[in-house]
Amino acid sequence: MKWITARRRHPLAGYVVVLLALAVFGVGYAMVAPSADRAEAQVMAAAQTGAEPADGENAVDISQGRDIWERSCASCHGLNGGGSDNAPDITGAGGAAVDFQVSTGRMPSSNPDAQMPRKEPAWNREEIDNLIAFYEEEIGQGAGPAVPEEPPGDEPVRADYEDEDAYKEAKAEYDKAYDAYIDGASDTEAGMQLYLANCAHCHSWSGAGGGLTGGHWAPEIGDATPRQLYEAMLTGPGQMPVFTEGTITPEDKQELISYVKTLQAEPNAGGIFDLNRVGQVAEGFIAWTVGLTLIIACAIWITAKQRAHD
Amino acid sequence: MTDKSKNNDNGASDGSADRVIGTPSPAEGTAIVAGSDDPGAEHPGAYPPEETHAHSEEQQRRAEKTASMWFLIAFLAGIGFFVAYFAFPPNGEGEPAIADPQIGQYSNMALGGTLALALFGIGAGMTVWARWIMPHYEVSTPYDDLSSSSEEKGSFGDFFMRSADESGFTKRPLLRRTLLLSMVPLGLAPIVLLRDTGPLPGDKLKHTLWEDGLRMVVEGTNKPIKEADLAEDGAMITAFPLVEGEGGEHGGEAQHLSLNDQAKTVVLLIKIPEGDFKPGMTEQQMNWTHNGIVAYSKICTHVGCPAALYERGSHRILCPCHQSTFDAADGAKVVFGPAHRPLPQLPIGVDDEGYLIAKGDFSEAVGPTFWDAEKGD
Amino acid sequence: MSTTTQAPKALRGVGNWIDDRFHLAKTGEKNLRKVFPNHWSFMLGEIALYSFIILLVTGVFLTLWFNPSMAHTTYEGSYQRLNGVQMSEAYESTLRIDFDVRGGFLVRQIHHWAALIFVASLVAHMLRVFFTGAFRKPREINWLIGVGIFTLAMLEGLFGYSLPDDLPSGMGVRILQGVMLSLPVVGTYVSMFLFGGEFPGEDIIPRLYMLHILLIPGILLALIAAHFMILWHQKHTQYPGTGRSEKKVVGTPMFPGFAVKAGGFFFFVFAVIVGLSAFVQINPIHLFGPFTPTAITSGLQPDWYMGFMEGSLRIFPNWLDFQVFGYAVPIGVLVPGLVIPGIIFGGLAAWPFLEQWITGDKRVHNVADRPRNAPVRTAVGVAGVVFYGILWLAGANDILSHTFSISLYWTTYFFRVTAIVGPIIGFIVAKRICLGLQRRDLETLEHGYESGTIQQLPSGEFIEVHKESSQDTVHVLESKTAVDRIDDEAIASVEESESDGVEAPAARGLKGRLRAKLAHWYTKDNVSFEGVEAHTGHHLHHGAGHEEHEEMAGSH
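Chains as they are written, first to last, in my numbering: chain A, 1 to 310; chain B, 311 to 687; chain C, 688 to 1243.
In case anyone wonders, no lab produced these hints; they're calculated from the structure.
Just so you know, even glycine gets a beta-carbon here, dropped at the ideal spot from N, CA and C.
Treat the hints loosely; a few may be bogus.
To be verified - Label pairs and their calculated CB-CB ranges:
no.	chain 1	residue 1	chain 2	residue 2	range
1	B	L382	C	S1215	44 to 54 Å
2	B	G404	C	L842	54 to 64 Å
3	B	A474	C	S1215	45 to 55 Å
4	B	D454	C	F1009	53 to 63 Å
5	B	G497	C	L902	57 to 67 Å
6	B	E554	A	I272	21 to 31 Å
7	C	R1119	B	K685	27 to 37 Å
8	B	P583	C	I1115	45 to 55 Å
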């Protein structure tokens, strides 16, 4: 206390207090805000993945799919997918929609009234495949778009493999398929025009997302896999419109996905700080807070009072 | 203001107000750039000693070292700049060097980093020099009395008016007026000369390429659009008219539209589910739709950004520039924001082969609202 | 050590040669002795000057490659990702600067960062001048020139932003055209003539290029030169302090001290801008993609200095739009696009004259006001800053909405209300703070400062010892004029002295009464320092201390 008392009238004391206060708020906000999502995802996953991993190698286990459906989906969407007061009828949604919603962690949702952010999925790939198989078999029965097989889906996760080598092998295979899909596109002009004319107005030129009306937002699409992007176009989740196979053909969709994925993967030629590619608002903010502030700090150094012998 | 202390405004000023404070006695000799040589003074500087805080020799020596260190850093960084320049070669034939974004980033940071360090080094060195080697003092000079004395003003006024009279300008109105008159056409000439910067508006802003029977293509791929392509509820696509080149009537290549035409013809095709159209739509507006497919101009009627954020749930179309919101299920009426006019609607139908076609031009002028936008032709 | 170095012969030769032709020795010495007050806030204008120099130099470099043409082309350059993309030659040549010219990317980023810093420092400098009353007689003309520079700098920035013909830049031009079209009667003509036809045409970039690299920088250069020469002629203002008065200015002389400091500062400004350009990516046009009038991105923004225009366009409602015989008058575009900037810049330009008219203060002012000592001016300034700031924030409402998960429409409603309420609150709060500070000043001046030392009096009472303020503090505090409340009488007397004893009809007539009212409003709350004597001696401050002061006041 003595130490503080001695310094509380120091000319810099005020600034220090302000900085400390800002830091406290900043750190506090950072601790509170994102953790809500994360905690929710963890709780979900813990509650739902009671099922032990399926023992069969690649065989789909429809019974496990049914198990997941009954425990985690049916309470809102109904046992036969017919929907309820707080969830839509998804009998015609198709496997692509189920894959999109579940593999991006948006479903299962704890709050059916709010738009769900992207989260860690509640189940692993195998369980999701089982769920989709069950859905296609008993709920959708072939209605709606099926999961598109060509665009690469989720990256392999280490936890799903028993040993390192198996994982590495799967990863290499995945990377190869991914590169083949992205590099398979050749008409940048078409991909760019399609993306800029139909997607960028919500998801922004960089895929960083943006605000919509009524508290909705267009999500950031940097983490989305090519398959998820494809499924989103096909099924139009949430407020997003549908981009049918008729208007944007599978080849065109590949061009579009390739355009945005290549753009997102490109290093920033202008320097390591890209300001999250937000653009002019962030640039103006930095010009004032960093640029002008540093320059004024120099001016203060230059003009600081000099007493006789200091 | 009271002068309570011996302040920076030292004694020298009291005697001679006109002289710059602290001016040493005028230096002898012809050289104008030479400093004054006054060996008798205890203080060697150009300004009087009372308030001058010279730094001790010890301090100055230390500061000299610091400043020189900064200058050396600047020198090395400057050399580094050259190294960075030549370390990243230009792009070879088919072999991008700095055109590879990653290499470009390294090049940018190396060039900029060394340059920034060199500049900062010079700045820091100069500041250390100014602050720790130069003696510190403040001097004062009087502010000039800016207004002239009344005699000077009077004399000027007299002279000016006498001269003006002498010239005859004040006394000969015919001369004066014809001179002014002669200036008028010349003054207007530049405005006339600017006439050819562009055509007159006429009714150009009210018409677009769209006409009855024109098919539609997807922007970016020029793929003609069939009704079946938009069968699914919530489907949306940005479309242009299909303007064919050689071969005509659906056999020819889709022509590339000029940006001017793109800016006017672009439409948003939206499939709205049965029953979602609001009763506010007039019968005519409903006739302009086709099986739930509706076409609106994509250009906002506020100031012309593409209004394209279509939300399939609420059927709102939001403009990302200024957030004007239009209701796609209600004739694109403005439901929020600064725009005033609804987005113009394009009447559409289907031809024998199932392709979507326009049934005419837009209902109103597209783009930002202008003076006679809502007047007919 | 103590002898003066003789000027080298060569230098003497050159000096004499020049002097023989221009007679410069006396002027030269006078200018080398020009005094610069020492305070960091006097360097803000210099930041603007230096960033302008940087802009000129880097701009010239960029013109070596930039091709201001809207002709259509297909990209086949060395930047792989955009191969085969349709674009204009302007965009293509910008890509060439970025990816084929070594250092080109850096220089383009320096140019852009310097532009942001240029306008930012202009604003900071202008606020300093405003809040310290440095625009008062005799410096009104320099203030007007400054407002002109600010306005032109914004236009210059907007046009420069539009040149590369990337996605957001074209949208800036589009919005400009939309605002132009909204002008009653002449709108379509103005737009057709500027664009050489319909939007976007093929003429706009070459024309903006000419304006951006020739006309506007030329005018800016002339204005900056005039600004600087007037400053030099009239000398700097200065903050109050020991030895500083309306008659003489105190500071570091130009040569040698200030020259070295200012030189060093130039390098600092340059270093910070280059440092930003090296590591922080700005306006990555190669990632945005080329402009097409049919595509757009969310979060579309102008550079920060156009943000307030964007904001006013966003929050202004469409309720006031009307028609005259079927002709549209889009107030929702006209007012935010033209009237609001007109009010902001017109208000800035008019303020010195308005204030002078209200206060009737026609004296020369060389000592800067402390903002607290002109509470109404400070409060008006704060209200203006709040208004501008709200519009500026509103220009980023989509980013704010998305970043902080607030409903988009709510941000609009919020800014609509705060754009009106905010300035009023800002005015009241700022004025109250000023008056509070005035009272504290009075306290400090009368009783010295609180030393933090507690003493017990023989009576058992505890008091805090007040110590004498430093000389400099007393001078600063005393810079507040003793009487500065203006009532009808004072106005009449000012007028009287102004017109050589002929009584002015100031307080008569409608205008006169308005003026008297305004003058009263302008000064009525000021704390009077009349007859206050500075605290001296180390006496203890307690209740009984007041009598002492009254005695001293009498002797003054």
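Against the structure, the hints come out as follows:
no. : hint                            : verdict
1   : B/L382 with C/S1215: 44 to 54 Å : 59 Å, violated
2   : B/G404 with C/L842: 54 to 64 Å  : 43 Å, violated
3   : B/A474 with C/S1215: 45 to 55 Å : 51 Å, holds
4   : B/D454 with C/F1009: 53 to 63 Å : 56 Å, holds
5   : B/G497 with C/L902: 57 to 67 Å  : 19 Å, violated
6   : B/E554 with A/I272: 21 to 31 Å  : 49 Å, violated
7   : C/R1119 with B/K685: 27 to 37 Å : 54 Å, violated
8   : B/P583 with C/I1115: 45 to 55 Å : 53 Å, holds
When each numbered hint is compared with the structure, violations occur for hints 1, 2, 5, 6, 7.
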